[in-house]
Amino acid sequence: MWMYVLKRLAQGVITVWFIATATFFAMHSVPGDPLLNERAMSESIRANLEARYGLDQPLMTQYVIYLGNLSRGDFGISFTQENRQVNDIIREHFPISAILGVLAVVFAAAGGVLWGALTALYRNRLPDYIIMFLVILGISVPSFVIAALSQLALVNLNTLLGSTVLPVAGWGTVRHMLVPSLVLGLGTMAYLTRLMRSSMLEIISSDYIRTAKAKGVPPARIFTRHQLRNAILPVITVLGPSIAAITTGGFVVELVFAIPGLGRFFVQAVQQLDYTVIMGTTVFYGAFLVFMVIVVDVLYGFIDPRVRLE
Amino acid sequence: MDKPGDGNSSVFTEQEFTHSAGRQLALFACYALLAIAVLLYLLSLAARSTGSNGVASGAIDIVNNSISITLQDEPPQLDASRASDAVSGTVLFHVMEGLLSYGPSGELVPGVAQRWELRADGATFWLRENARWSDGEPVTAHDFVFSWRRAVDPATASDYSFILYSVKNAELVNSGELPLSYLGVNARDDYTLEVEFERPTPFFDKLVAFATYYPMREDFLNSTNGRYGADADMMLYNGPYMITSWVHNASMRWEKNPFYWNENRGFLDAINVDYMTSDVNAKLNLFKDRQIADTTLSAPMLPSAMEQRWHIDRFMEGTVFFLELNHRAERLTGNYHFRKALQLAQDPAELVYRALKEASYLPAPSLFPEFIRGVDDLFRKEYPPEPHRMDVAAAREHLEMARQELGLQEFPPLVLLTGDSPISMVAAEYYQALYRKNLGLEIRIDAQIFKQRLAKMDVGDFDIVLAGWGPDYDDALTFGDLFTSWNLNNHGRYNNPQMDELVRTAQESLDPRIRMEAFAGIQQMVKDDVVIIPMYERGYAFVADPRLKGFERRSIGTEMDYSYAYIDVPDE
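As you go down the protein sequences, you meet chains A and B in turn.
For our numbering, add 50 to where a residue sits in the first sequence, where the first one is 1.
For our numbering, add 16 to where a residue sits in the second sequence, where the first one is 1.
Everything labelled a hint here was simulated from the structure, so no lab data went into it.
No residue lacks a Cβ here, since even glycine has one placed at the ideal position from N, Cα and C.
Do not rely on the hints blindly, as some may be mistaken.
Cβ-to-Cβ under 7 Å is the rule here; a few derived chain A residues that face chain B [what the hints assert, rightly or not]: (1) Gln131; (2) Glu132; (3) Ala167; (4) Leu305; (5) Val306; (6) Gln321.
Kindly generate the complete structure, drawing on both the sequences and the hints.
Right, dumping it as structure tokens:
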């Protein structure tokens, strides 16, 4: 068990190193650089800036310096927010994205499992049809539309009630978190509902359920022990990656609801070719994703005794 | 055979199973809700230690004499010597002041300097003695000398250091060839600043209102350990407001600077930047929810805004957009007749009103936007540009002449470089369709993200590029010198000694009339020689809370000016 975890962690480190290297060279091969500005600059101004950021060194030297800094956990200084360490940016803004993401995942997981089980239970009956219709909507309508619509709904709600019950945008209290996290989790919730439903249906018609029924196991027990518990496995498998996807994919929701999360740095850095922030966020998110996958694999062993961790 | 009763071992029907399982599911749902409630509580505790807006105070707070506003983005750089973007410019405008400043209607007014004198070889500024830093110390001429030297110090690596190049030796100091002390600026005493010019600069009074020219105090800068401008307490202010709190990417609070000298500026006790977002829909919703005092309206929002009887205003943001043509000899656009054909076959009014459908934009008649001042009045009134007439037949004649001159059977496709914003894509597609229809030319659209577009512009990898230019200072020269042979922003490498000559005159003459004549000459030459093809001047519609008065948006200095704003309390 512990050997397995260690082995996976070592593999993870190599994966992160690979991500860092690939991103580094891909980023530098893109035409343009972070110093370009709408105002063209003279040779001497440019030379001053290059010296300041170490861009006057050969690329391999920059890479070696970068890896050295990375191994010490130092991502450098942002090009666009010139007084801020990338470490500070991640430290200040990732917790916000994480809180939003965790909440969204909890909504998605709880909702997905419950709705999925419900639709399977009432398959081909009215609740099934209604929920599955909503699921299709949830999967196909992009989050920026849902975000904008729900924000508009909030404005109308507040106007109707005459005071700001739920804030339209911003961050800081539970009231700020509720709607954005629901919106953020909605797509995943819809996806998980469908996954849960199909996995439930597969199990319902399996032999051991019939055996359990024949043995006279009480319905509630069959449902929770034999059906839910087995059906939930595929959901857990995708949960790890989707935590990372939700946490990193919050850009649109963060933008619409003016939430100071890390998402906008992740996206804007690429547009601005902000080298240090691109590297910082990519490596950080990459490591995060790798870690989540490992956690899920380990978790698997606890939930499903058939899986042996070796 | 079914034998009912005996709960534990009975065989059950499908329906019983569903009921029982459904009950179980409902129970789980309750657990889940409970768990989520607990989680929400815990997370809200955690969120308190992260960047929070706290409790918003609402758009207009009459009791505390404060307002709430939004910023487009986190200000990237509040070190005035190094700032180069509009958001930082807006913040700095409210918390700092240069030798000169801008008045309520955008005119230049005395700032830290009480009076000044411009000569051919230099300038003298006499500073007011009651100008103070936010810690109560006086603002002196030494603070300007220190700040300007620092701005051209190679170690500072300011990308706007060029704006100081009018000052003697600035360029040589900036490239590290001369020590800082050779910069042509000196403090004769605490309140007299002497400037020597590199070359005559009759518009120097307009330059010193720019952020790079703001003062900075040496002892304070040294005390910040290289973190100047990084946080609210890492700055010293001499403007009407000072930043008292700054949660990165989330919020800011500007409070009235008690030491600011001008009683006719800074009427609000506090300005809360409660949100930092560039999303116009989010801003509109915040405005409707009475959380912010003003917002920009995009074209699709206008009808419903009018229905609500809001007082909608428009301002021209100052940027002119144009088709920049590549004048390098190997390009088709290097040929005069070819350019003339492109010019005659299009109409900016059609682009703005039929294609872009942006009610707040104006078709651009020339390189110089509306707000540029002439001798006594607006430049456009004194020297109206020749009106443009679309003439497809003449355009085709010019195209034929170009074909003969270039000795071509058929024109190869043109590369139209553009950004990836929706507006520029619409404009690019408009020109693509237009030139195919009117001239039979094929246009290949090359849409690039910001930095890559800039990189391609710099090396001249285009035939035509959708470009724009915004003003740095309140003088026609900020546009007028764009197409000189030495200007690095002349991406198409237009090279014409006559143009250079006109710009030299406009740069150096001390007589405003001669200067304006030169600008009129530049305006005519840009059109006659088709240096560029002007498209539109960008404007925005906006709406402000009716209780907020004196709030202006302008083309120059700062986009949003709250420094003269006050709350008009309606009669009880």
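> Can you name, in rising order, the numbers of the hints this structure does not satisfy?
Replying inline: none
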